[in-house]
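Trainee: The primary structure of each chain is shown beneath.
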Amino acid sequence: MENILSVLIFFPLVAAMLGFVVKKDSIRVYGITVAAIEFLLTLWLWFSFDTANGGFQFIEFVPLISDFGINYYLGVDGISLFIIVMAALMTLLGIVALGENIKDLKNMIITLLFLEVAMIGVFVSLDAIIFYLFWEFSLVPMLYIIGAWGGEKRLYAAIKFFIYTFAGSLIMLVGMLYIAYVYQSVAGVWSFSLTDWYALVLPISVQKWLFWAFFLGFAIKVPMFPFHTWLPYAHGQAPTVGSVILAAVLLKMGTYGFVRFSLPLFPDASVAYILPVAVIAIIMIIYTAMVAYAQKDMKQVIAYSSISHMGVIMLGVFAMNPEGITGSVFFMLSHGLVSGALFLLVGVIYDRRHTKMMSEFGGLASVMPKYAVIFGIILMASVGLPLTMGFVGEYLSLAGFFKVSPVLTLLGGFSIILGAVYMLSLYKKSFFGPVTKEENKKLHDLTGRELAALVPLVAIVIWLGIYPKPVLVPIDNSVKALVAFMDQKAQTPEAKRIIHVSRSTKEAK
Amino acid sequence: MLQPIHVSMASLNLITLSPMLVIIGGALLILIIDLIKKDLHKSLYVMLSILILFVDFGATLSLGINERGFFDVMLIDGVSVVSQLLILIASMLFVPLALTSKRFHEFSYPEFFALFLFMVAGFQFMVASDNLILIFIGLETASLALYTLIAMHNTPGSHEAAIKYFTMGALAAGFFVMGAAVLYGLTGAVELYDIAKVFQVRMAEPGISIPLIGGALLLMVAIGFKVSLMPFHLWTPDVYEGSSAPMAGYMSIVPKVAMMVVAMRILGLYVDMGVEAVRWMIIILAVVTMTLSNMMALVQEDVKRMLAYSSISHAGFVMAALALDTTKAYTSIFLYYGLFLFTNLGAFTMLWISRRKHPSHHDRYHHPYIKFSGLIHTAPMAAVIMAVFMLSLTGVPPFSLFWGKLYVISATVDAGYIWLAVVMGLNSAIAAYYYLKLIVYMFLKPPVQGVELIGANKSKPLVVIVGIAALFTTLSVFIIQPLLSYLTYMVSVSGY
Amino acid sequence: METLVYIALFAPLVGSLFAALFGMRPKTLWTGVVTSLLLFVSFLASAMLLKHVYTVGAVHAELMDWIVAGDMRVPFGFTVDEVTAVMMTVVTLVSTVVHIYSNGYMEHDKGFNRFFSYLSAFVFSMLVLVMSDNFLGLFIGWEGVGVCSWLLIGFWYHKPDVGRDVNPSISPSWAANEAFIMNRIADLGMLIGIFLIYWNVGSLNYQEFFAAVPQLSHGMLVLIGIMLFIGAMGKSAQFPLHTWLADAMEGPTPVSALIHAATMVTAGVYLVIRAHPLYSEIPEVSYFIAVLGTFVAIFAASMALVNRDLKRIIAYSTLSQLGYMFAAAGLGAYWVALFHLAAHAFFKALLFLGAGNVMHAMNDELDIFKMGGLKKVMRWTYTYMGVASLALAGIWPFAGFYSKDTILEAAFNEQSYGIWFVLWLTAGLTAFYSFRLVFLTFLSDERYKQYGFHPHEVQKYVLWAMFPLGLLAVIFGWWKEEFMAFVTRLLPAYEMSEHTEHMVWILIIVTMAIAIGGIVVAYIMYAKRLRRNERIEQSLPYRILSNQYYIPIFYEKAFAKPYAELSDIAWKEIDQQVVDATVDGIARVIEETGDGTRRMQTGNLSDYLKWMAAGALILAVLAIIVAMNH
Amino acid sequence: METFAFYFFAVLITALFLVTVLSQNILYAMTSLAAGMVLISGLFFLLGADFLGVVQLIVYVGAVMALYAFAMMFFDATGSIKERHSHPALVFLLGGLSAVLMVVIFAAPQIGQHVEALYPAAAGANNPQAVGLVLFTKYLVPFEVAAVMLLVAMIAGIILAGKKMERSLSKINDSELEQNGGKDEQ
Amino acid sequence: MIGLSHYLILSAILFSIGLVGVIRRRNLLMLFFATEIMLNAANIAFAALSSYMHDLSGQMFAFFIIAVAASEVAVGLGLLILLYKKYGSLDLDDYTMLRG
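Protein chains in written order, with our numbering: chain A, 1 to 509; chain B, 1 to 496; chain C, 1 to 630; chain D, 1 to 186; chain E, 1 to 100.
These are computed hints drawn from the structure, not numbers from a lab.
Check before you lean on any hint, since a few could be wrong.
Stated by the list, open to error - Restraint-style ranges between C-beta atoms, simulated for each label pair: (1) H114(D) - P203(A): 42 to 50 Å; (2) V100(D) - M97(E): 32 to 40 Å; (3) P240(C) - P434(A): 29 to 37 Å; (4) H6(B) - E116(D): 50 to 58 Å; (5) P214(C) - P203(A): 40 to 48 Å; (6) P240(C) - R353(A): 52 to 60 Å.
Ideal placement from N, C-alpha and C gives every residue a C-beta, glycine not left out.
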C-alpha cells in the first residue's frame, strides 16, 4: 500500500464524519474500532517500513497550489514513524479509557478522531504549509476538548492554550514564508517542500533570525520556559483524555519541529544558539521540577514534570550528535507513553473521587493495590529507571549533550534527582501512609476497562525499556543521515566542530 | 463655427459598457414591472435580480482585457474585471437573502432591488475607470443607493446608521473632490493614466512633494472612509449594527473591494513612483487599523458589532498589501477578498438566520454573544457552520481565509517587510480571541432561555447561501490554485 | 557455561515474577518456598561458576543489544570473572539464607508475597550489577537495587509520618524516599562518569575502557575516578551521603540484613575494586578514598557508641566497616577490600538476622535499654550474635580478624600511619559498641519484664537457616590465602614490605589488644546491668553523637526545607506572579487598550466627524515625519 | 477690475459662509448660504466658466436651496436653533489647522503651472459650446451615470420621505402582520 | 492681477469653513449646509484651475460635483424627513443609540 499515509490521514477523517450518523449508545464501540483500525494501520506502516533506510519513505506528492509551491507532500522516516504509531496508540487508549459517565460521548469521540487526523498529519507532512495546516488545525479539537469537558476554569484554559500557541505559530509562519521567498529567489519557483528547502543554504544572518521565528512557534508548543504557563492550565482543566493526548502527542509537535525544521534548515544558527537554548532547557529542567514539587494537585505535578522532561528532550535535540538526537526522539516516545499513562492514572482516581488534590488521598496503596502497582511502574519509568522506556531516552539525550557541554549536562542531569524528588513525594503523599479519609476506604480498584488502557502501556514501557532496539535503530538511521546532512551543510567552523557525525556514517563514506 | 465631431462606433468600444448597461437596464426593468403591476411578491424581484446579475456576470467575463472604451473613460483591465466579478458574486449571494421567512421592511419595495442594482452598477463604474470624475460619480451613485438601502430597513438603528453613514460620506466626498482638485491642478488631467504620465515628468521639481503628498492625503481620507481605516472607520460598527445583517455583510465586502481598486489605482500610483510618505501612510494606517480595531473587537458584546470591527481589521490587513507594490501583493488583495467574501457573508447570513424582529437577549443588541450559548446542543449543524466561519476568519487552516492570510503575509515578507508580517501574524492571534469567544459560547456554554428560536428567520434560500459559503470556506484549498493563477494573470496584465 | 550464567542471573527474576503474580493476594506459603528454592538454584549456579572460574577461567555471555544509537552500542553483556564469581556467591548465599529466614520472619505479614517478589527482584538487580561487563549494565543493576531498596525500606508504607524525636527515620516511606533520592544524587555523578568514559573511550565496556586507560590524560582519569566514586559514595552511604542508611532500618530486618549490610551497600566498594585499573592510575583519588573511608569508619563508629536502637547500631557498624573497605581499596589493597567485603557480608547478615530474631521476640521493640537478659530465652540467637560480634570486633580466629587485620597491615605498610591509627582506634570502638549491644540485649538485668514483653525463640528452621552464616563468620577467614590467590589472578596482588613483615606480629597484638580492651570495657559497663549516667547523657558530646552530629537535621534545614520553600516561591511568586502574570498582563493590556479605544466610538456623529478631520491632520503630520526622513 | 471683483466676491463669500457655519439662526444660515452660492456663480463668470455659473445658479439656488427651504418649513425650524457645543476650542483648533493644511497644499506654486491642457476649449467656441462638446463626447458616460445617480436620488427621496416608511415591517411581528392582512406590504 | 493661487486659497479657506461647520454643527440640516460649502469650495478650485489651465476637465468635474451635490441633498433631505417624522428631532446628539 503505497499511499498508506493518505489512508492514515483520511481514514479517521472520514470515520469522524460518518460518526455523526452513529447512534449515541453505540458510539463508544465505533470509536474504539476506528481507533484500533487506525492503530493497526500504523503498525502496518511500521512493518512495511524499511528500517535500514534513513530517508523518507512512502512518499506521496500531489500538487495542490502549484503556483505557490504548496503540495500535498507526505512521507515518513524513522524520526516520525514512531511518533505516528504512538499518536494512534494514545488515541486508541484514550478512547478506551473514556469514563462511563462522560457527557456527550459522541461529540468527544468525533472530536478525538478529528484530533487524530491533525496529529498524524503533522508528523507525515513534508510540505511546510501542509505541516502548518495540521499543526494549527490540531488546536481546534483540543480547544473543544478542554473547553467542553474541562474543569472549572476550562474556558480560560482552553482559550489561553489556543491563543498562545496560535500566536507563536503565526510567527513561525512568517519564517516559513521567508524561507519560501528565499527559495523562490534562488530557484525561481515557489516551493514549500521540506526536501527542497533542505537543499537551501541560507546565509548565517538569515538563519539566525529564522531560527528564532521557528523557535517561537515550537518553543510555545514544547512548551519552553518562559512560554510554558498555558500548559498547567490546559492540563489542570482538561479532561483525562485531553491531557493524555496533549502530553503524549501535541507537545511532541514542538520538539519534532525542532528536529525536522530547525536543525536541518539552520544548522549554523542551531549550533550558534545552543547555549541560550540549553540554558532555557536547564531552567525548564530545574525550575519546573521545583514548581512541580510545590504543587498540591496531582495533575499539576505531572503537567510540570512534562515541562521538565521536555527540557531534557530539548537538550538532546541540540546535542548535534546522533546519540543525543536519537535519544531525544526516543525520549519523545517514552515521555508520550509515560506521561500519557500518568494522566490516565490520575484520571482514574479523579473519576472516583472528583478531586486531584494530593491532600485528599494518602494510603491509596492499601485500598487500590493494582492501581498503586501500575502507578509505581509508570512513575519509575518517569523518573528514568533503567529497563524502563524512560531511561533510554533520558540517558541518550544527556549523553549526547555531554559532548557539547559537560557542565550544562551536569545541570541538566539534575532532572534525575529532582524528578525523583517530586515524583516520589507525590507517590508518598497519595499512596503511602495510613488511609486517613473515610471516603478513600471504599474506593474500588482498577476496572477492566481501565486495565485495558493501562496494561498495554505498562507492557510497552517495559518492553521498550529492555529492548528498545527495534525502535532505536530506525530512528538512529534517520538521525545519522540528518546529522551527516547538517554537517555537510554547515558553513561556520563552529558548526563543523560541534556537529558530530557518527563514526559509522563516516566509515560508510 | 464648430465642426461636427465624428466618432466611429468602433473607437467607442461600447462593449466595455455592456455590463453596466445590462444592470442599469435590469434595474429600470424592475422599476417598469413595478409600474405596470403592483404587489408582486419579492421572490420575483429576487430572481430577476439574480438573473440580471448573472447576465452582468457573463458580460463581465466576456470583456476583453486591457481595453479602453468611450474616449478612454472606461478602463477594462484585469483588475477591473476581477473586482467586478467579485462584486457580482457577492451581489448574487446577497440578493437571495431577501427571501427570509420573516418579513422585513426593505424587501417590501420593488425599488429596493432596483436601487440595489443601481448600486452595483455604481460600484462597477468605480472599478472600471481610471477617470476620477467617473470614479466619483460611480462612488456617489453607489453610496447614495446604499444609504437608502440601509435606511429602508426601517428600524431606529437603521435610520441612525444611514444618517451617520450619509453625513460622514458627504464629508469624505468633500475630501475626495479636493484631493482630485489637487491632482488635477498638478497635472491638468483627471485620468490616472495621464496623471501618472505627468507625474513621471514632474516628480523631480523642487517642492512638488507638498501638493503631491497633500493630494494623496486628501484622497486617502476618502479612501480610508470607504474601506474603513482608522480613524475614518467610526461609522462602520454603528452602520453595521444598524443595518440588516446581510447588508452589513455586503458592506464589509463590496464597497471595500471597489474602493480598494480605486486605492490601488490612485495610491498604487504614488507607491509605484516611490513616494515613501504615501507608502508609510498606508502602512501605518493599516497597522493602526488592524491592531486597534482588533482590540476594540475584543470588548464587544454583540456578534454583529464584533464582526464589524473584525471587518475593519481585515480591511487594515489587506490595506497593508497596498503599500508593497508587487504583483503578488495586489493579487493577494483580490485573493483575500475572494475568500473573505464567502466567509464573511456566510457569517453575516448566520446572524440573519437568527434574526428576530425584536432583540431577544439584550435590550439593544440583536445578536449578543449570549444568544448563541449552547448552540451546539440546540442546533448543532448551525453551530458547526458558524464555527467554520469563525475559524476561517481566525485564519485556521484549512479554512479559506487562511490561504488568503498566507498569501498576504507572504507578499509582505517578499517585499521585505518582515516586521509588518509579524504584526499581521500577532494581530491574527489577537483576533483569534474574539472569534473564539463566539465558538466558546456556542460550544462550551450551556444554552440559555430562548435559544431554541435561533433559526427564527430561517428559510431555504438562506440555508442554501450558507451552505454554499460553508462549502467554499471548507473546501477552498482545492480552488486556490486556479483562482490564484487566474488572479495573478489578471493583475499582472493590468500592469500591477 | 553461559547457561549457568543465565540460570544464576534469571532464577531470582523468575522467582520475583512468580511471587509478583500473587503479590496482591494474602499469604501463600509456596511463594516463599519457590523463591527460596530458586534462590538456592541461583546460589548453586553461582557456586559452580565459581568453581568453573577457578578451574577454567572467566566466562563471558552476551544476551542481546540494549541501546544502539549513534556510535553507542551497549549490549546486555555479562562477565563472570574472579571478582564477579566471589560477589555472586556471596550475594546468592546470603540471599538464600535471608529468603529462608524471611519465610519465618514475615510469616504473619499481610504483604508476604509482595515481600518475596521485591526481595528476589533485588537479588536479580544485584546480580546484574555485579555481572555486567559494562558500566551501563552496572548502572541498570545500580538503579535496580536502588528501586528494590526503596520498595523494601518502604515496605510498611502504611505507617504514618511521625516526628524526628519519636522516630529519627520519620516513617518507612520517608526513609525510602530519602534513600532513593540520596542515591540519585550520587547516581548523577556516576552517570557523568559514564558519559566521560563514553566520549573519551567510545565504549562503556570494562575491558575496552581499562585498555584505554593508559591513553587518557591524567586529569581526565581523575575526573572519571571522582565521578564514579561519587556514585559509589551514594550506594555505599559514605559521608556526606550516609544518612539514608541508618534511616533505611525502617525496612523489615531481613532487608536490612541483605541489602543494607551484606550486598547493596557494598556495591560502591565493588565498583572501586572493579575499576581498579583506573584507580591504580590515580593515587591521589585513591588516597582520598582511603582517607574518606577511614573518616567514615570512625565517624560511624562514634555514632554507634551511644545509640540505643538495636538496628541502628548495626547499621552504623556497617557504615564503619564500609569505611574499612574503602580504606583498603583506596590504599590499593583491592583484594583485601573484597575479602573484607565477603567476610563482612557473612557476619553482618548474621548479626542483622539475629537482631531480627530479637525484634521478633520483643514485638518489634528496638530500644536495647528495654531489653536485657534475653540469653535465657534465646540461646541460639545469643550464640549467633555473639559469634557475629566477635567476628566484627576482629577477634581471632573469627573471619573479621583476618580481613580487618590485613587492612590495618596494609595501612601500616603504606606508611599512612594516621589512617592506621584511626582504623586501629575504630577497631576498639567497634568491639566496644558491638559488645555493648550484645551485653545489653542478652546479659544484664531483664528489663523487658517491666515493659511487659514475652520474648521467645524463633522457629527452628529459621535458626538452621542462619547456620551457614554463623559457620562462615567463624571459618571464612581461614581461607585467606586461597582467597588471595584466587582473586589476585584478576586484582593486583598486594605485597607487604619487609618492614611490615617484621612488624606484623606486633601489629596483630596491638590490634587484638584494643579489640579485647573494647570488649572488656563493654563488659564492665553493661554486662551486669544497665548503668545510665544522666550527666553524660546530657553532655554535649553525647547529644551530638546521639543526634548523629545533627547532620539529618542540618540536611533538613539546609536542603530539604529551603528547597521546599524555594519551590513554593518558584511556583507562587515566579511562575504565577511573574511569568504567567506577564502573559495575562499582555492580554489585559490588549483588552484595556481595546476598552480605551472603544471610547472614541461615542455614538455621536459630531465626534466622528471631528475624528475624520483630526485623522486628516494626523496623516499630514505623519506624512511630514516620513517625508523628512527620506 | 477683476481684482476688485475677486476680492469683493471672496470676502463676501467667506463672510456669508462664516455666517452659515456660525449662526444660531437657521434662517440666517440658509439665506447666507444661498447668497454665497449666488456669489460663487459670480466667481465662475469671472473665471469665464459661464456654463458652470449658470448651472450653479439653477441647481444650487434654484433647486437645492428651494429643497432646503421646503425642508426647513417642514421641520418648522425657522427660528434659532439651540446647539450644544461641547468643545468649541477643539473645533476651531481642528478647523484652523486644517485651514493651514489646505492652504499649504493649495498654495503650492506647482499647481496649475507647466501643465498642458488635455482638453482645451475648442477654438472659437464659447464656453457653453465647448463644455457641451466635451460633455457629450468625452464625458458622456459620466453624464449618463450622473443621470442614473439622480434617478437613484429621486427614488431614494421618494421612498425615504414616503408614507410607507411610517410603519416599519421590520419592527412588527409577523403574526400581527398576518392579522392585518398586510398583503400590500410584502 | 489675480493669480490662480488666489482662487485656490479662497477655495481652501472655504473648504475649511465648511469643515468647521461640519464638525461644529449639531443640527443635521445646518450640518448639510456645511457640506454644501465644502463641495462648493472644490467647485471654485476646479473652475479656477480649468480656467487658468485652459482645460475643460475641471469644469466638467465641477459640473458633476454640482450634480452630486444635488443628489446628496435629495437623499439627505429624504433621510432628514424620515428622521424628523419618526423622532421629531434633527439634533444629532439625539442619535447616539449605536455606540461602543
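Trainee: Each hint needs a verdict: does it hold in this structure or not?
Mentor: To see whether the hints hold, each was checked on the structure:
1. H114(D) - P203(A): 42 to 50 Å: Given about 47 Å between the Cβ atoms, the range holds.
2. V100(D) - M97(E): 32 to 40 Å: holds (36 Å)
3. P240(C) - P434(A): 29 to 37 Å: Given a distance of about 32 Å, which is inside 29 to 37 Å, the answer is holds.
4. H6(B) - E116(D): 50 to 58 Å: Because 24 Å falls outside the window, the suggested range is violated.
5. P214(C) - P203(A): 40 to 48 Å: Given a distance of about 47 Å, which is inside 40 to 48 Å, the answer is holds.
6. P240(C) - R353(A): 52 to 60 Å: This hint is violated: roughly 41 Å between Cβ atoms.
Violated hints, listed in ascending order, are 4 and 6; each of the other numbered hints is respected by the structure.
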